[in-house]
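Chemist: Chains as they are written, first to last, in my numbering: chain A, 1 to 301; chain B, 1 to 301; chain C, 1 to 301; chain D, 1 to 301; chain E, 1 to 301; chain F, 1 to 301.
Incorrect hints may appear among the rest.
For identical chains, the list gives no copy identity; a pair is met inside one copy or between any two copies.
[Said to hold, decoys possible] List time: in silico SDA-like cross-link candidates among lysine to any residue, alpha-carbon distance up to 25 angstroms:
id: 1; residue 1: Lys202; residue 2: Glu250
id: 2; residue 1: Lys202; residue 2: Thr247
id: 3; residue 1: Lys290; residue 2: Pro215
id: 4; residue 1: Lys290; residue 2: Glu11
id: 5; residue 1: Lys223; residue 2: Gly87
id: 6; residue 1: Lys219; residue 2: Gly264
id: 7; residue 1: Lys202; residue 2: Arg266
id: 8; residue 1: Lys202; residue 2: Ala168
Hint data in this document are derived by calculation from the structure and do not stem from the laboratory.
6 protein chains.
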Amino acid sequence: MILRVDRLAIELPAPEHPSPNSAAAVQELMGGRFGEMSTLMNYTFQSFNFRGRDKFRPFYDLIANIATEEFGHIELVSHTINMLLSGTTGRSTDPTNTPLEAATDFRNSYHYIASGQTSLPIDSMGAPWNGSYVFCSGNLKLDLLHNFFLECGARANKIRVYEMVDNAVAREMVGYLLVRGGVHILAYAKALEALSGVDVGKLLPIPDISNKQFPEARKHEEKGLHQILYRFSPNDYREVSRIWTGTHPEDGSTLRVVDGPPEGGRVPDHPEEPQLTAPIGPGLDQGMLKEMATRLFGKAM
Amino acid sequence: MILRVDRLAIELPAPEHPSPNSAAAVQELMGGRFGEMSTLMNYTFQSFNFRGRDKFRPFYDLIANIATEEFGHIELVSHTINMLLSGTTGRSTDPTNTPLEAATDFRNSYHYIASGQTSLPIDSMGAPWNGSYVFCSGNLKLDLLHNFFLECGARANKIRVYEMVDNAVAREMVGYLLVRGGVHILAYAKALEALSGVDVGKLLPIPDISNKQFPEARKHEEKGLHQILYRFSPNDYREVSRIWTGTHPEDGSTLRVVDGPPEGGRVPDHPEEPQLTAPIGPGLDQGMLKEMATRLFGKAM
Amino acid sequence: MILRVDRLAIELPAPEHPSPNSAAAVQELMGGRFGEMSTLMNYTFQSFNFRGRDKFRPFYDLIANIATEEFGHIELVSHTINMLLSGTTGRSTDPTNTPLEAATDFRNSYHYIASGQTSLPIDSMGAPWNGSYVFCSGNLKLDLLHNFFLECGARANKIRVYEMVDNAVAREMVGYLLVRGGVHILAYAKALEALSGVDVGKLLPIPDISNKQFPEARKHEEKGLHQILYRFSPNDYREVSRIWTGTHPEDGSTLRVVDGPPEGGRVPDHPEEPQLTAPIGPGLDQGMLKEMATRLFGKAM
Amino acid sequence: MILRVDRLAIELPAPEHPSPNSAAAVQELMGGRFGEMSTLMNYTFQSFNFRGRDKFRPFYDLIANIATEEFGHIELVSHTINMLLSGTTGRSTDPTNTPLEAATDFRNSYHYIASGQTSLPIDSMGAPWNGSYVFCSGNLKLDLLHNFFLECGARANKIRVYEMVDNAVAREMVGYLLVRGGVHILAYAKALEALSGVDVGKLLPIPDISNKQFPEARKHEEKGLHQILYRFSPNDYREVSRIWTGTHPEDGSTLRVVDGPPEGGRVPDHPEEPQLTAPIGPGLDQGMLKEMATRLFGKAM
Amino acid sequence: MILRVDRLAIELPAPEHPSPNSAAAVQELMGGRFGEMSTLMNYTFQSFNFRGRDKFRPFYDLIANIATEEFGHIELVSHTINMLLSGTTGRSTDPTNTPLEAATDFRNSYHYIASGQTSLPIDSMGAPWNGSYVFCSGNLKLDLLHNFFLECGARANKIRVYEMVDNAVAREMVGYLLVRGGVHILAYAKALEALSGVDVGKLLPIPDISNKQFPEARKHEEKGLHQILYRFSPNDYREVSRIWTGTHPEDGSTLRVVDGPPEGGRVPDHPEEPQLTAPIGPGLDQGMLKEMATRLFGKAM
Amino acid sequence: MILRVDRLAIELPAPEHPSPNSAAAVQELMGGRFGEMSTLMNYTFQSFNFRGRDKFRPFYDLIANIATEEFGHIELVSHTINMLLSGTTGRSTDPTNTPLEAATDFRNSYHYIASGQTSLPIDSMGAPWNGSYVFCSGNLKLDLLHNFFLECGARANKIRVYEMVDNAVAREMVGYLLVRGGVHILAYAKALEALSGVDVGKLLPIPDISNKQFPEARKHEEKGLHQILYRFSPNDYREVSRIWTGTHPEDGSTLRVVDGPPEGGRVPDHPEEPQLTAPIGPGLDQGMLKEMATRLFGKAM
């Protein structure tokens with residue numbers, strides 16, 4: 001089971017300007033083969049399906065705990081997309097104004113037809129995320145190798161989206177995820193090392209460009225965020241510290257486990273888009289609405 | 001962000017016997033269009049994408065909170081599948097024994113080739129769950145209507161899987177989910193009523209067969225579980241009580257919100273399946289393993 | 001079995017100008033999850049698969065009859081797309097002129113490579129319609145709830161496409177379909193009411209914006225088109241009148257069944273696009289063509 | 001637009017016994033790449049998308065008219081599947097009896113979870129039919145060649161399903177479709193000949209086995225059914241006779257157009273399957289049901 | 001088994017300018033239903049699966065041999081795409097420069113996120129090629145008819161891409177493939193004729209526009225390339241000459257088999273794109289690189 | 001370009017008995033995410049798309065050369081499937097005998113409907129291979145890491161299929177592929193080592209079970225087959241020896257490059273299956289056949 005906290009992993013800055021095609025590009029980090037849906041679901045299923053948990057508890061704890069952090073990552077990507085999409089069309093309750101006209105030429109029409117100018121579990125070309133992206137062989141070494149590869153692939157995707165989009169909200173998100181993804185890469189490398197004795201971490205960085213090249217990542221690393229594995233549980237997954245230990249291969253700093261999630265930032269409030277009747281349209285019965293609001297919520301809406 | 005608790009929503013009984021084709025059938029409740037992946041992801045995206053949250057807070061809280069409970073449901077379905085699959089093939093480290101021979105005739109070969117006799121995000125025919133199953137129009141009334149329909153469709157699927165599989169572990173899981181799904185159906189009905197004044201709850205049950213027909217559901221309802229909406233958050237989503245209030249349409253009992261998750265049950269330990277090298281194979285270097293175990297975990301594995 | 005009439009449900013006006021990306025958007029109403037292929041095929045399969053037809057004849061008749069009308073709707077959407085696409089590229093029999101050059105930048109390349117600048121059973125992003133969009137549980141209440149939801153979702157899609165495209169041909173089509181879809185929504189609401197006593201129609205409109213906001217729909221409603229259920233059969237499906245009866249919830253007007261299809265309009269003639277060799281290319285043997293035309297068709301082509 | 005007649009193309013005999021896996025096989029003729037959904041939708045879209053209709057009217061009429069017959073073919077395949085599925089599980093309103101137990105081992109679980117033991121737009125492995133199966137290049141010669149090939153491929157599929165299933169209902173259906181498909185093959189061959197002068201019909205039969213090998217087809221041919229092209233329209237598509245003329249290549253008999261559909265047979269009534277709550281479950285409010293039946297249908301249900 | 005020769009079928013000219021959307025269009029010839037992946041894989045599987053090879057050797061040899069040529073065609077299409085994509089974004093090792101910014105608006109984002117500005121097995125809308133495009137019934141006549149149709153469909157696609165893209169590299173490639181595809185069409189026509197006596201070649205050209213309309217194809221035909229079937233094997237597939245014999249239906253020239261592949265042209269060298277870390281990024285350890293280069297490759301990289 | 005040699009990589013023994021469900025399982029090694037289609041196409045596209053080839057020639061040569069060997073692997077898997085399928089149904093030219101009856105209950109109906117009891121590019125559940133399985137980032141380190149992981153995943157799949165199927169033909173094939181796949185794993189490990197200095201080969205074996213556990217693999221390794229990288233080209237890819245050098249990590253034996261393919265074995269002849277009209281049916285005109293055979297092939301067929 002999980003508990004949810006109504007906070008984002010970081011505070012997201014407002015975008016300088018709405019940007020529909022940037023939002024379309026960022027969708028790759030959500031629903032692409034290497035998007036956050038994939039990391040979330042790969043580790044989640046691996047944790048459910050773990051065989052021999054008691055004997056290999058530190059590995060189980062590590063995978064389950066990283067899975068938990070990934071939920072915060074799909075959340076972060078989703079809100080970034082939403083912020084880039086808000087205001088990309090005309091706000092109007094009169095459909096004859098053709099308020100969505102511009103969307104005809106945008107790259108992702110689902111954002112305007114299927115959703116209310118918000119994120120979907122799809123990639124940058126609109127293809128839906130699917131369960132064949134989940135790898136879960138049951139063999140610990142192979143699953144760890146997969147996870148190591150998956151995180152490196154995800155890193156390549158993040159870097160490329162960073163290079164496509166310079167909107168502050170997107171870069172803030174990508175910068176943070178590069179650092180946290182970096183922690184996950186290293187964690188899986190260390191887990192692999194535990195099984196094989198091979199110093200897999202020496203392969204890093206993959207692709208061969210440092211996080212330090214990205215100011216929005218560098219600022220977090222300067223504060224040591226790359227050394228921290230958060231333990232996302234009130235009481236469980238304590239044996240992550242068996243694996244997340246020692247020093248960081250890049251700067252030799254000491255790795256440490258922090259209990260509980262980061263403090264995080266506010267969940268952004270996404271404004272209404274009346275032309276999409278999101279969340280309500282001009283035809284909602286006002287009397288009914290008022291009555292219900294008073295009765296159920298103790299205030300007018 | 002979320003926190004994870006290493007507990008299942010309920011304690012799952014051991015299956016009377018392994019049952020590969022029953023496990024294949026139960027997969028529909030995981031990765032089918034009406035499986036728990038769908039309820040989890042629909043409500044999760046709707047919560048990320050909610051527009052006008054402050055004004056419509058109780059609806060946001062309701063959707064986000066139900067999304068959170070759904071994670072516990074994919075977890076429950078996954079462990080049920082795993083328990084049904086454990087022991088379905090011969091345990092052996094010698095591949096020449098053809099330990100997986102029986103699997104050639106089972107309905108789902110992915111359980112034996114892609115996973116280590118464990119669950120996957122696929123349906124009962126092996127088709128992967130995909131993101132096109134997520135509906136998120138942004139219009140509150142339409143999304144609530146969708147959710148009401150989705151839960152009714154999910155209920156129909158659960159009933160049919162119940163009728164296919166009489167293994168205790170599966171029925172215990174389905175019985176519990178029928179009750180919890182029933183809470184979600186009613187919650188969305190009440191939310192729709194708040195917007196429209198229509199007593200949508202009077203449409204229930206859909207399909208037209210009562211939960212009381214299912215002993216494994218009835219026992220929970222006799223304890224009042226159908227009256228409870230758990231609040232799955234340390235501090236947030238408190239306005240669910242604005243909607244989850246009044247009486248239950250079936251027995252007139254009083255609805256109530258309970259803070260925090262149910263106490264739940266132990267996460268079952270899934271035994272090793274050496275023929276699948278899950279979690280390790282006979283070729284793992286024993287010296288290396290011992291050394292690493294001692295160094296990292298402070299004990300021999 | 002069906003008979004086909006070479007008439008469209010309405011006369012479609014010529015588009016003011018060709019518009020490839022508008023055509024791409026309109027494809028959502030054809031092959032999207034909520035497009036007309038979905039309504040057509042959902043009700044068609046539900047009619048084939050109906051159990052207990054004699055006992056529940058009015059429901060069978062209703063579903064089968066609405067299915068039949070939907071064929072006219074895919075036809076209408078198709079011709080709208082075709083009219084928007086005609087003339088979007090250069091007409092030429094010389095390929096070295098690069099007559100399709102502009103299409104390189106249009107949103108839907110299938111219109112120019114797979115088809116002859118015409119509609120396909122795909123959505124606005126080019127994803128093909130597929131059979132998983134058909135819901136057919138066999139439970140009458142659940143299927144009716146689905147159909148009610150499907151029509152509401154389809155309505156949301158139509159509204160949004162209306163807001164994207166102001167080309168007269170598209171708006172004429174959408175306006176008509178909003179009215180006819182409104183009839184279907186109400187028909188399914190009344191069918192649900194027959195089973196449950198719940199006044200489902202009071203939930204309307206969903207999304208909460210009235211058809212009267214759309215001039216191209218309003219003009220039809222002013223003539224009472226929203227009160228009419230056409231009976232699309234020479235002799236069958238007469239019991240639709242058992243359900244389609246009483247008054248319209250919005251204006252209290254009397255509902256009525258009309259025998260036979262609407263008079264409709266001409267099927268538009270789509271001009272040849274020689275650069276796509278549609279329907280023939282410059283290399284068709286002229287002697288052969290003439291001879292065959294004379295022999296088979298009694299005239300020169 | 002279309003009109004629907006509540007008759008099947010032929011009378012279907014009752015199956016000797018229910019046969020779930022035979023039904024699964026027959027699904028290939030519905031939703032496979034070469035199933036009737038494909039022939040229906042290929043010709044339907046080609047008719048919508050026809051360019052230069054006035055000039056090439058006989059070809060348009062032929063394609064539109066064959067499309068219309070194909071609706072009767074998906075109908076026939078659907079009812080065959082339904083008849084094979086009825087009674088394959090235990091009839092019971094008590095789910096604890098595990099009435100669907102046998103279905104756990106059947107080849108197609110969707111028939112028991114997604115539908116009420118009825119057909120779906122899927123193939124013999126459960127993969128959904130999809131719009132990429134529609135070919136519609138706009139070039140008349142290429143489209144006709146495609147249609148000729150498609151019908152030959154469909155013929156091969158029918159023959160193989162015939163060889164898999166000896167249940168009378170399936171063979172009656174396949175036998176009839178072999179003859180009608182044979183008419184379509186020849187019609188497209190003649191249309192190709194009109195454009196090219198090549199006697200394409202001499203390629204037949206493809207695959208190289210005669211319809212006369214199939215008693216259920218032979219009996220229809222002995223009555224001349226292979227000579228008839230039905231004109232499925234009250235008043236339109238009259239120029240089919242320009243192409244469907246001359247003699248049959250196999251037996252030299254004279255081809256002729258018949259106005260109107262065949263007389264056909266009764267639409268079979270599919271019995272209720274209460275364990276699937278199809279069409280209603282034990283929980284439908286009996287008082288409500290009675291009241292509604294009286295009010296709406298003038299009789300008790 | 002195969003041997004590979006590091007040569008392209010023809011020398012490809014440098015593109016006049018990079019052209020991302022042209023590259024996206026050309027993808028249809030790679031991964032579309034009628035792309036070269038389809039011709040390659042259809043004939044390859046048909047050759048593996050051939051039944052009765054000894055008796056029907058010339059047909060086997062023909063199919064296997066054409067399959068082999070098709071590998072050179074996916075290669076040619078791939079390099080064309082790569083050449084069109086090189087240089088479409090800014091070259092830079094500093095990601096903060098947003099070097100991929102322009103790609104946000106290009107039609108195919110996978111080229112910039114999934115690949116290093118290079119080809120993928122996808123079509124012009126980004127949909128992946130898939131195995132359902134392979135037709136292999138085992139019936140020789142039907143498979144040959146399919147292949148004849150497939151090649152005609154592929155020809156239509158090539159012609160349309162030619163009409164979309166006037167970049168020299170693309171037209172050189174398409175011109176060559178039109179000629180070679182023309183050889184394959186005729187080869188399958190002749191094989192069909194061998195089985196049926198029907199002069200299928202008289203149906204050509206399909207679509208009805210001559211290769212002579214395309215200067216980049218005409219120049220090859222003027223040199224007789226359309227008369228040659230290359231035998232792509234050191235010692236095998238010699239019986240192709242049983243089928244590839246006689247005269248060409250268009251100009252009466254004599255058909256002939258040439259042993260071995262064409263001389264072909266250089267495989268183009270694709271420049272590094274450092275912003276995509278393709279093939280290496282700025283973070284590759286230079287000392288390591290140098291040491292390895294010296295040790296393994298005997299030179300500095 | 002490629003040349004094809006009409007030889008298999010090894011001689012395949014006849015299967016002890018036909019085995020339809022074993023064939024279905026073996027399909028995973030063909031068209032699954034980790035099947036031979038994936039290794040073939042991943043490396044093929046990586047070779048086409050290689051940037052900076054001159055500078056990084058040994059890596060290019062390695063990838064291109066391994067791609068070439070993989071063709072021989074899809075060939076081997078295909079013939080194994082075909083041999084397992086031959087004779088699984090009754091041989092008969094009379095369809096009324098229901099010769100395919102048994103196939104109704106087999107796991108893969110496509111083998112009997114879509115193909116002539118032969119292999120298809122699908123996996124063990126019938127899902128088609130698709131292009132999204134191709135990874136090609138352009139970053140050399142990441143692509144090599146991917147290839148290393150892909151080969152390990154493919155190895156796991158092979159082991160499991162070995163454990164499902166004890167038919168000699170399948171085990172002979174898997175045994176050989178385990179050895180050759182082992183060569184590819186090591187080759188990519190060495191390539192990664194060249195870029196990073198990390199002794200990646202020490203991670204092996206993954207999964208942690210030795211090839212020596214498999215007699216059909218062990219026999220090849222005892223002859224040194226695991227030490228050999230074949231160079232599959234008349235004249236190219238010579239720099240593979242820069243990377244494939246040194247000693248084998250498991251037994252310290254010396255690695256070596258062998259010019260040219262292995263001698264291999266005969267391509268098995270697959271018998272006719274007349275009930276599938278493969279390759280011909282009883283309706284092929286015998287006079288025509290004889291005449292054509294004489295004319296074209298110089299002998300009666």
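Chemist: Indicate, hint by hint, whether the structure satisfies it.
Modeler: How the hints compare with the structure:
1. Proximity of Lys202 and Glu250 under a CA criterion of 25 angstroms is satisfied in both settings, with 9 angstroms inside one chain copy and 22 angstroms between copies.
2. In this assembly of identical chains, Lys202 and Thr247 lie within 25 angstroms of each other by CA distance both inside one copy and across copies; the values are 12 angstroms within and 22 angstroms between.
3. In this assembly of identical chains, Lys290 and Pro215 lie within 25 angstroms of each other by CA distance neither inside one copy nor across copies; the values are 49 angstroms within and 29 angstroms between.
4. Taking the shortest Cα distances, Lys290 and Glu11 never come within 25 angstroms of each other, neither inside one copy (34 angstroms) nor across copies (43 angstroms).
5. In this assembly of identical chains, the alpha carbons of Lys223 and Gly87 never lie at most 25 angstroms apart, being 34 angstroms within a copy and 37 angstroms across copies at closest.
6. For the homomeric pair Lys219 and Gly264, the shortest alpha-carbon distance inside one copy (16 angstroms) is at most 25 angstroms, but the shortest distance between copies (41 angstroms) is not.
7. In this assembly of identical chains, the alpha carbons of Lys202 and Arg266 never lie at most 25 angstroms apart, being 37 angstroms within a copy and 38 angstroms across copies at closest.
8. Taking the shortest alpha-carbon separations for Lys202 and Ala168, neither the intra-copy value of 32 angstroms nor the inter-copy value of 43 angstroms comes in at or below 25 angstroms.
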